[in-house]
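Novice: The lines below spell out each chain.
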Amino acid sequence: ETGVTQTPRHLVMGMTNKKSLKCEQHLGHNAMYWYKQSAKKPLELMFVYSLEERVENNSVPSRFSPECPNSSHLFLHLHTLQPEDSALYLCASSPGAGEGFMNTEAFFGQGTRLTVV
Amino acid sequence: GEDVEQSLFLSVREGDSSVINCTYTDSSSTYLYWYKQEPGAGLQLLTYIFSNMDMKQDQRLTVLLNKKDKHLSLRIADTQTGDSAIYFCAEPKGGFQKLVFGTGTRLLVSP
Numbered sequence: 001e002t003g004v005t006q007t008p009r010h011l012v013m014g015m016t017n018k019k020s021l022k023c024e025q026h027l028g029h030n031a032m033y034w035y036k037q038s039a040k041k042p043l044e045l046m047f048v049y050s051l052e053e054r055v056e057n058n059s060v061p062s063r064f065s066p067e068c069p070n071s072s073h074l075f076l077h078l079h080t081l082q083p084e085d086s087a088l089y090l091c092a093s094s095p096g097a098g099e100g101f102m103n104t105e106a107f108f109g110q111g112t113r114l115t116v117v
Numbered sequence: 001g002e003d004v005e006q007s008l009f010l011s012v013r014e015g016d017s018s019v020i021n022c023t024y025t026d027s028s029s030t031y032l033y034w035y036k037q038e039p040g041a042g043l044q045l046l047t048y049i050f051s052n053m054d055m056k057q058d059q060r061l062t063v064l065l066n067k068k069d070k071h072l073s074l075r076i077a078d079t080q081t082g083d084s085a086i087y088f089c090a091e092p093k094g095g096f097q098k099l100v101f102g103t104g105t106r107l108l109v110s111p
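The listed protein sequences derive, respectively, from chains A and B. FYI, the numbering for the first sequence is 1 to 117, going by my numbering. FYI, the numbering for the second sequence is 1 to 111, going by my numbering.
Simulated from the structure, these hints should not be mistaken for laboratory data. Treat the hints with caution; some may be incorrect.
Chain B residues, not near chain A, derived (Cβ > 10 Å throughout) [to be verified]:
| # | residue |
| --- | --- |
| 1 | Val19 |
| 2 | Asp26 |
| 3 | Ser27 |
| 4 | Lys67 |
| 5 | Asp69 |
| 6 | Asp83 |
Stretch-level coverage of chain A by chain B, calculated; a stretch enters the list once three of its residues show a Cβ under 8 Å from a Cβ in chain B [to be verified]:
| # | region |
| --- | --- |
| 7 | 74–82 |
| 8 | 105–112 |
The model shown is predicted, which means the values in this text are computed figures rather than measured ones. Glycine residues also receive a C-beta, built at the ideal position from the N, C-alpha and C atoms.
Construct all of the structure, not just a fragment, from the sequences and the given hints.
Specialist: Given below as structure tokens:
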């Protein structure tokens with residue numbers, strides 16, 4: 001148990017569906033992340049939030065829409081996905097916020113295994 | 001190079017030592033990390049090393065850092081079947097210190 005909880009653990013959705021992934025941390029961390037892990041690629045950073053503001057968006061298609069309503073919660077809203085979006089989506093949090101923070105130790109959730117049919 | 005690189009696969013017998021290697025990209029990285037991912041699970045921090053160290057030992061784990069060559073290694077002594085997993089090295093990058101991960105090394109430990 002890392003203190004980062006993701007729900008659901010598994011999700012199957014059609015290409016026309018809309019769904020959301022949820023991530024929750026009560027570690028008092030200031031930064032939260034979405035990563036995508038697929039069989040073909042290493043961990044890909046999708047989004048970074050620091051103090052509830054999005055600070056990085058790594059050229060992620062608009063069919064993925066993140067939301068960070070407060071420092072403890074992070075969502076990933078999904079709509080009109082493609083089969084190639086099937087992957088393990090991992091949420092992480094870390095203590096740091098802002099430039100110069102030295103320790104970027106990240107705590108990961110268990111992930112949501114997403115299958116797009 | 002631009003990517004954090006690792007060999008993809010390592011197979012050892014139980015009781016042997018395992019050495020997993022990583023080449024990172026930024027010589028100014030302050031901390032370097034090793035994460036472990038067991039099947040069906042997220043990543044778990046195993047250990048980390050501060051950049052002013054060249055070695056860190058933590059029970060069965062030994063981390064070696066060669067800053068000149070930007071090379072990081074993880075040695076697992078007396079490898080057990082429970083050590084079978086994917087191991088990722090990671091370095092912080094960017095203004096907000098996000099973690100960039102290597103490709104992962106799948107370690108298979110046979111009895």
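Novice: All the hints need checking, so say for each whether the structure fits it.
Specialist: Hint by hint, here is what the structure shows:
{"no.": "1", "hint": "Val19", "in the structure": "holds (20 Å)"}
{"no.": "2", "hint": "Asp26", "in the structure": "holds (13 Å)"}
{"no.": "3", "hint": "Ser27", "in the structure": "holds (16 Å)"}
{"no.": "4", "hint": "Lys67", "in the structure": "holds (16 Å)"}
{"no.": "5", "hint": "Asp69", "in the structure": "holds (21 Å)"}
{"no.": "6", "hint": "Asp83", "in the structure": "holds (19 Å)"}
{"no.": "7", "hint": "74–82", "in the structure": "violated (count 0)"}
{"no.": "8", "hint": "105–112", "in the structure": "holds (count 7)"}
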